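Enquirer: Construct all of the structure, not just a fragment, from the sequences and the given hints.
Chain by chain, the residues run as shown.
2 protein chains.
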Amino acid sequence: MPERGLLIVLSGPSGVGKGTVRKALFEKDDNQFEYSISMTTRNKREGEVEGVDYFFRSKDEFEQLISEGKMLEYAEYVGNYYGTPLDYVNKTLDEGKDVFLEIEVQGAMKVKEKIPDGVFIFLTPPDFSELKARIVNRGTDELAVIEKRMTKAKEEIEMMRHYDYAVVNDEVELAVQRIKKIIESEHYRVNHVIDRYENMLKEL
Amino acid sequence: MPERGLLIVLSGPSGVGKGTVRKALFEKDDNQFEYSISMTTRNKREGEVEGVDYFFRSKDEFEQLISEGKMLEYAEYVGNYYGTPLDYVNKTLDEGKDVFLEIEVQGAMKVKEKIPDGVFIFLTPPDFSELKARIVNRGTDELAVIEKRMTKAKEEIEMMRHYDYAVVNDEVELAVQRIKKIIESEHYRVNHVIDRYENMLKEL
Chain H
7 MPERGLLIVL SGPSGVGKGT VRKALFEKDD NQFEYSISMT TRNKREGEVE
57 GVDYFFRSKD EFEQLISEGK MLEYAEYVGN YYGTPLDYVN KTLDEGKDVF
107 LEIEVQGAMK VKEKIPDGVF IFLTPPDFSE LKARIVNRGT DELAVIEKRM
157 TKAKEEIEMM RHYDYAVVND EVELAVQRIK KIIESEHYRV NHVIDRYENM
207 LKEL
Chain G
7 MPERGLLIVL SGPSGVGKGT VRKALFEKDD NQFEYSISMT TRNKREGEVE
57 GVDYFFRSKD EFEQLISEGK MLEYAEYVGN YYGTPLDYVN KTLDEGKDVF
107 LEIEVQGAMK VKEKIPDGVF IFLTPPDFSE LKARIVNRGT DELAVIEKRM
157 TKAKEEIEMM RHYDYAVVND EVELAVQRIK KIIESEHYRV NHVIDRYENM
207 LKEL
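Line by line, the protein sequences give chains H and G.
Counting in our numbering, the first sequence runs without a single skipped number right up to 210 at its last residue.
Counting in our numbering, the second sequence runs without a single skipped number right up to 210 at its last residue.
Certain hints may be false.
Stated by the list, open to error - Beyond 10 Å from chain H on every Cβ pair, some chain G residues (computed):
| # | residue |
| --- | --- |
| 1 | 20 |
| 2 | 25 |
| 3 | 62 |
| 4 | 71 |
| 5 | 86 |
| 6 | 96 |
| 7 | 177 |
Said to hold, decoys possible - Going by beta-carbon spacing under 7 Å, a handful of chain H positions derived as facing chain G:
| # | residue |
| --- | --- |
| 8 | 166 |
| 9 | 167 |
| 10 | 172 |
| 11 | 196 |
| 12 | 199 |
Claimed, not checked - Computed far set for chain G versus chain H, every beta-carbon distance over 12 Å:
| # | residue |
| --- | --- |
| 13 | 32 |
| 14 | 43 |
| 15 | 64 |
| 16 | 72 |
| 17 | 92 |
| 18 | 101 |
| 19 | 110 |
| 20 | 120 |
| 21 | 154 |
Hints listed in this document are in silico derivations from the structure and should not be mistaken for laboratory results.
Please read these numbers as outputs of a predicted model, since none were measured by experiment.
Glycine is no exception: its CB is placed at the ideal position from the N, C-alpha and C atoms.
Expert: Structure follows, in structure tokens:
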């Protein structure tokens with residue numbers, strides 16, 4: 007039986023660039039982890055494949071899973087649900103594969119409640135003026151909106167204390183390399199491998 | 007003020023090759039850590055420098071430090087003491103430098119009592135037949151001696167549960183790379199960097 011995989015959760019404040027880092031990470035060809043397949047209630051588009059692009063479910067089915075606590079996390083967006091099915095994640099981990107999730111800070115904390123032994127990585131801006139610059143450059147000129155986003159970003163950074171690792175996103179490629187090293191190191195954790203060694207000792 | 011350095015402790019069962027791995031690790035020119043300087047009661051040899059090769063102390067002084075709990079770990083060998091002075095290690099860590107220790111399993115557990123937030127890395131054989139081969143090849147033909155060493159090795163492997171990481175020594179260079187990744191990852195731990203971010207938040 008393989009060792010159970012690791013759940014790896016990448017999160018961080020709005021505007022820190024976690025989507026960009028996740029995409030760059032998944033472009034590497036030596037990844038040993040799977041990107042978590044989401045569940046949605048929106049209609050399947052042409053070319054999309056059930057269980058590859060999404061798990062497509064009715065609103066009733068999705069709400070049933072929510073009420074049974076079987077969604078690792080979920081959100082509603084323009085009238086449809088999007089989320090991560092718990093059974094799929096646990097099945098993949100049991101097969102010995104790592105599962106990678108990139109989500110908002112609020113969602114990440116919900117995931118931690120259900121899978122506390124996941125590896126929680128917080129992507130941070132190199133400094134706050136840099137974060138502010140990214141928020142300003144998002145394409146709005148209204149100061150009130152920018153300040154609201156800054157306040158939210160500060161609140162989100164306060165959430166860092168609940169994570170295992172803080173990775174600075176100064177350069178996308180550097181952030182990707184740091185995340186890869188963290189994931190590899192987590193596989194060397196004694197908690198992760200102790201059962202295998204215990205069995206080796208017993209067999210001797 | 008720099009972040010406090012990390013104490014990195016490499017240990018593992020007799021015959022696993024920790025000395026070889028440590029030497030290969032220290033031959034890398036991009037190391038960010040310092041090798042811990044030992045204290046000894048033996049006489050200074052020609053060319054040796056106080057505070058570089060060893061801290062040279064009298065037996066009385068050494069025993070005074072032991073009784074005051076100021077040795078991180080120590081051992082007696084052919085009539086002389088050898089050990090790691092706690093003040094030196096703490097001073098180096100406070101300067102923001104990592105300190106690297108390579109010691110026996112028994113010594114490592116003593117270090118953990120004094121510096122529990124150190125990074126404890128356990129070097130393991132790829133499998134037990136391999137460990138047995140290494141013990142046999144150490145140059146003795148007496149089966150009783152070999153079996154005694156095997157029993158000791160098994161007892162030492164049981165100590166793995168008290169460590170943070172288990173690194174397989176299948177190839178020296180691979181083991182070195184794994185250790186380097188672990189050390190780097192440990193610097194990204196939220197516990198390690200949270201104070202800096204708290205200060206950044208306060209300043210905003």
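Enquirer: Now look at each hint and say whether the structure bears it out.
Expert: For each hint, the structure was consulted:
The non-interface label for residue 20/G is consistent with chain H: the shortest C-beta to C-beta separation is roughly 16 Å, beyond 10 Å. Every C-beta of chain H lies more than 10 Å from that of residue 25/G, the closest at about 20 Å, which supports listing it as non-interface. In this structure residue 62/G is separated from chain H by more than 10 Å, as the shortest Cβ-Cβ distance comes to about 37 Å. Non-interface call for residue 71/G relative to chain H: holds, since the shortest CB-CB distance, roughly 31 Å, exceeds 10 Å.
For residue 86/G, the non-interface assignment is confirmed: its Cβ lies about 34 Å from the closest Cβ of chain H, beyond the 10 Å cut-off. With 10 Å as the threshold on Cβ separation, the claim that residue 96/G sits away from chain H holds: the shortest Cβ distance comes to roughly 25 Å. At roughly 15 Å, the least C-beta separation between residue 177/G and chain H is larger than 10 Å, which holds for a residue marked as non-interface. Given hint, residue 166/H at the interface with chain G, holds; its Cβ is 6 Å from that chain's nearest Cβ, closer than 7 Å.
At its closest, the beta carbon of residue 167/H sits 6 Å from a beta carbon of chain G; the interface hint therefore holds under the 7 Å criterion. Interface restraint check: residue 172/H against chain G, minimum CB-CB distance 5 Å, threshold 7 Å, status holds. The closest approach between the C-beta of residue 196/H and any C-beta of chain G is roughly 5 Å, which is under the 7 Å cut-off, so the hint is satisfied. Checking residue 199/H against chain G by beta carbon gives a least distance of about 5 Å; that is within 7 Å, so the hint holds.
Listed as outside the interface, residue 32/G is consistent with that label: its C-beta sits roughly 20 Å from the nearest C-beta of chain H, beyond the 12 Å cut-off. Under the 12 Å C-beta cut-off, the non-interface status given to residue 43/G relative to chain H holds; the minimum distance is some 27 Å. Consistency note on residue 64/G: stated as away from chain H, and its beta-carbon is indeed over 12 Å from all of that chain's, at 40 Å minimum. At the 12 Å boundary, the C-beta of residue 72/G stays outside the reach of chain H, the nearest C-beta of that chain being 30 Å off.
With a least CB separation of 25 Å from chain H, residue 92/G remains clear of the 12 Å interface cut-off, as annotated. For residue 101/G, the requirement that its beta carbon stay farther than 12 Å from each beta carbon of chain H is met, with the minimum near 22 Å. The claim that residue 110/G is not at the interface with chain H holds, since no C-beta of that chain comes within 12 Å of its own (minimum 18 Å). In this structure residue 120/G is separated from chain H by more than 12 Å, as the shortest Cβ-Cβ distance comes to about 20 Å.
Even its closest Cβ contact with chain H, about 15 Å, leaves residue 154/G beyond 12 Å, as expected for a residue assigned away from the interface.
In the structure shown, no violation is registered for any of the earlier numbered hints.
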